[in-house]
Each structure stands twice: as C-alpha cells, then as structure tokens.
Amino acid sequence: MIMNSQTKSQFIAVASITSELSAVMVVAKEISLAAANAKAIAFRAGDKAKGFQPITDFINELAKETIELVTNINVYALLLYRLTVNEYRRTAAYNRFEQAGKLATGARYADSMQEPIAHARTIMQDCQRQFKRDVTQLLGQLEAVMHHARAARVIAANSRIEASQAGEYLQSLQAVAESVDKAAHTIHDNVQRCRIALSIYRNS
Amino acid sequence: MKMTKIYEGAHQWVMFGRDENKPDNIIDSNQYIVRTANKCLLLEPGGTELFAPMMAAVLHHAPVEQITDLFASHQDPDVISSLGLWDQALSNAKLHAPALWEGYIRHFGCESVEYVPIPDNGETIKIESVELQIIPAHYLHSPCGFHVYDPVAKILMCGSVGSAFEAPNSPVFVERFDVHVEKMRYYHQRMMPSNQAKRAWIDKVRNLDIDILAPQHGRMFKGDDVKRFLDWFDSLQVGTGI
Ligand SMILES: [Fe+2]
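Chains F and P supply the protein sequences, listed in that same order. Following numbering that gives the first Met the number 0, the numbering of the first sequence begins with 0 at its first residue and continues without gaps. Following numbering that gives the first Met the number 0, the numbering of the second sequence begins with 0 at its first residue and continues without gaps.
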C-alpha cells in the first residue's frame, strides 16, 4: 500500500519530536552545567555576587525540570509513534476492505462485507480521534517546556544586571548569563519547530 | 480474478488466479478455497496486493463470517503477506501454518486470527466433515512446508512444487506437457534445494490417488499429466544454484 502524503508527514512529524527533543536534552544539560559553573564563580565572588547566588539555584532548578519534562515527553512521543503505526495499519485495512466491497458488487455474498467495513471504519476513526487527543496533550507539554525556556531567558537578563555589579567577576558571570540565554533560545526554537509540525493534527 | 471450480461434490474446490488488476511487477499466484456447507478454507491466501480482489472473489462463494480457516504452505510473502488484512476482516478464524514459521509469519500481523501450528510430520485438519491430509513437503522449496491432500476430491494442493510462471490470462490447466516443461525447469532446478527431499516427496505422492495437482503458481495438472509431472520431476536434478 502506498502511503499518502498525510500519513507520511504524520510519521515525519512524530519522528521529528524525538530528534528535536534529544537536542533540547543536550542543551538543558548545558544549562545545568552553566548553573553549576555560575554557582562556583558566585561563591568565589562572595558579596560582590550576592544577587547572583539565588539566580544560579533557580537556573539549575529550571534545567532539571526541563530535563524531566523532556524525558516524559519522549515516552509520550514513542506512544504517539505506535499510535501512528496502528492508525496507518487500520486505515490501510479500511481502504482495502472498501476496495473489496466495491469489487464484490454483484457477488452473492457481497453484503457480508458491510459489517467488516463498518467495523474497520469505527476503529480507524477511533485511532484518528485518539491521535488528535494525544497530539493536543503533547502540545500542552511542549508549551510547558517553552514556558521554562522563556523563564530562563528572563533570568539570563536579570543575571546580566547582577553580573554588572560583580567587579572582576563581571566577565565570567556575563558569560554564564550569555550561555543560559543562548541555550534557552535553542530550546525555544527546537520546541517551537515540534509544535508547528504537530499543530496541524491537533483537535480543532 | 478468474475463478475455476475444480471439484464439485458434497464440498467444493475453487481455484482463483490470473488477476487482471494485479500490478505487473508482482508474481501471479493461485489461491484455492475448500467450501463446505457452512465453512470455507482459504489455501495460500496470497500477498497484500491480492487481498481485495481475493476477498471479492471469495464473496461469490461464501460470506465473510464463514471464512473460518486459512492455510499457508510456507512463510513466503506471496503465500501469506495478506494475513494482517484477513486478521482484521475475520472475527473467528484459524490459520493453519508451519509451526517452524510461526514467529516469522506473525510479522504479517496475526492478532485475532488463531495461529494453529502444523507439526513437522503433518496432521489432518477437518473442515466440517471434510478431512484434509496435511503432507510434509520440507525443502520443496521452503525448509518447512506442507501440501494439502483431499482424498475425496483427489486433489493435491502442492504449493511451490509444479509451479511455473505464465503469461497473463493463460489457461488454468496444462494442455501440452512437453511445452509446459520449459516453463517449470529453471524454477524447480533453482528453487528446490534437495534431491533427497524431492525423492522422499515423490515416493509419498506416488501412493496418493490424485486427479489434480494444484500448484501455487502457473497451471494445474490433471489426468495423465499428474504422472507425467511426477516422472519429469523425478528425473530432474535440483539445487543447481550453487
Ligand atoms: Fe515460496
């Protein structure tokens, strides 16, 4: 059976979540590392970086939460992939059944095909509905990751301000703020791409 | 899909094949049904591409809910890759297929159909009052394969043995054996790996009372052509692909 473009792009959309998210995972770990680094610098800077210390804890927390979220989403993405395979199988069967029903026109027992056709249609539609439901839920989870990324960027901006008061530690703390900002930006972009790929399948 | 009734008694045998809508790049195959009063056995259901025309053809003889049994002589896709579709269409069916291939054939999709494994030494299956002998045909060509013998109809469904590749729309029975031989030679020499297995099979089959030899590809043999085929196969050296 030849895949139609809708099925093909559905497979690609689901597969792309996993690949985009593995990149997000790498970046989230980088943030976590940057936070640890910042904490060490802030510790050395003592009073000069007083305002920076709670920020590093916050960054670290955020990175951890992002990793956790992404781990959960990955499990979910795998389920969604299986659902896509199943939906493909069910749709293929339904199309074949319909084809058989048409070819059987005039056959003595042609009517007996109606029940399997109706049954296959119901199952196919259930699969489609479930896929849409799951996509909607996944989009929600991705939204949460983006929310974290946005928060990280705000923190990065605050960090820059705090860093400016850290005297000789200014440069290294600014570098930390920079790397957090960059990482958050990457996460935001990757997750956004996932969301765009998936959004056409959501429940309307 | 061309339908040919090859036995009509208390039960029936119908041969299906020469599907005119089949894509050119997949090989033509023969399917058979054994129809009893309330049941229908589908022998060598065929590949995925064949599912819809095959189902439509069967509906001339039996309603879907009476397709209760499937049989696959071996694991090849042209024999049984449609399983995943039958599996979704039939609510109460069994697949009789080699025990050895169960884990392989299940790759085609087998959730609601019950897989009934055939042991290496064969068995008898009963479709209502019809008893069919499942005869081992290992290494012909598959390492584990079975043929179906109906002693009442005197038909041997002989899977890959006797197969030939024909032009579309060719007749369903061999008409001139000497001409037909050339369409079988290469296939048998190349696909059948063992002279020993061939010998054992011929010895067994010579003891059966056969009116029709019904292979999975090409034409069927009837009457004197059955013996002609056995003699020809007997003298053929196989396993020539090395
Ligand atoms: Fe084969």
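These aren't lab readings, by the way, just hints derived from the structure by calculation. Incorrect hints may appear among the rest.
[Unchecked claim] Mimicking DSBU-like on lysine-lysine, the simulated pairs with C-alpha atoms at most 35 Å apart in a straight line are:
{"id": "1", "chain 1": "P", "residue 1": "1", "chain 2": "F", "residue 2": "101"}
{"id": "2", "chain 1": "F", "residue 1": "181", "chain 2": "F", "residue 2": "63"}
{"id": "3", "chain 1": "F", "residue 1": "7", "chain 2": "P", "residue 2": "4"}
| Against which earlier hints does the structure fall short, listed by number upward? | 3
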